[in-house]
Amino acid sequence: MPEQQTARNVATGAEVVIEVPTVEEMQIFALQRERDGYVLRGLADRVKAVDAELKRMGAAARQPADVPRETVVESKPQSTAGRSRRGSG
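In this text, residue positions in the sequence shown follow our numbering: the first is 3, and each later residue adds one.
These aren't lab readings, by the way, just hints derived from the structure by calculation. It is possible that some hints are incorrect.
What the hints assert, rightly or not - Computed beta-carbon distance windows for the label pairs:
1. Val-12 - Ala-32: 50 to 58 Å
2. Ser-77 - Met-28: 35 to 43 Å
3. Met-59 - Gly-15: 38 to 46 Å
4. Ala-16 - Leu-45: 44 to 52 Å
5. Arg-48 - Gly-84: 50 to 58 Å
6. Pro-23 - Lys-78: 22 to 30 Å
7. Ala-9 - Ala-83: 53 to 61 Å
Nothing here was measured: the structure is a model prediction, and the numbers come from that model. Don't be surprised by glycine CBs; every beta carbon is placed ideally from N, CA and C.
Take the sequences, apply the hints, and build the full model.
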C-alpha cells in the first residue's frame, strides 16, 4: 500500500496529500519489469529465479505486457539521384 505524504504545491502554496510507493513496492515493480524482459528474450531459467524472488516477497508473478518484439528486416539499397561531377575535364 502506498504511503501518503503531505507536500506543498510550489505554484499555489496549497498542501496536498500524495501517495508515494514503498521500497517494497518499488522492488516488486522492478522485478516484474526484469521478468518481462527475460520472458521476451526467452530466458526461462532467469524467469524462474525472478518468480522465486517475487514469491518470497509475497507478490504474484504477472504476465508480461503485450510488447511487440523487434524483428530484423533486411535493408535494401535505395537508388538516389546521381551527383554531378565537379572539376572533371
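Each hint tested on the structure:
1. Between Val-12 and Ala-32 the beta carbon distance is about 29 Å. The supplied range of 50 to 58 Å is therefore violated.
2. Between Ser-77 and Met-28 the beta carbon distance is about 40 Å. The supplied range of 35 to 43 Å therefore holds.
3. At about 39 Å, the CB distance of Met-59 to Gly-15 agrees with the hint of 38 to 46 Å.
4. Checking the proposed 44 to 52 Å range against Ala-16 and Leu-45 shows it holds: the Cβ atoms sit about 48 Å from each other.
5. With their beta carbons about 52 Å apart, Arg-48 and Gly-84 fall inside the hinted range of 50 to 58 Å.
6. Here the CB-CB span from Pro-23 to Lys-78 is close to 47 Å, at odds with the stated 22 to 30 Å.
7. Range check, Ala-9 to Ala-83: about 59 Å between beta-carbon atoms, so the 53 to 61 Å window is met.
The earlier numbered hints that this structure contradicts are 1 and 6.
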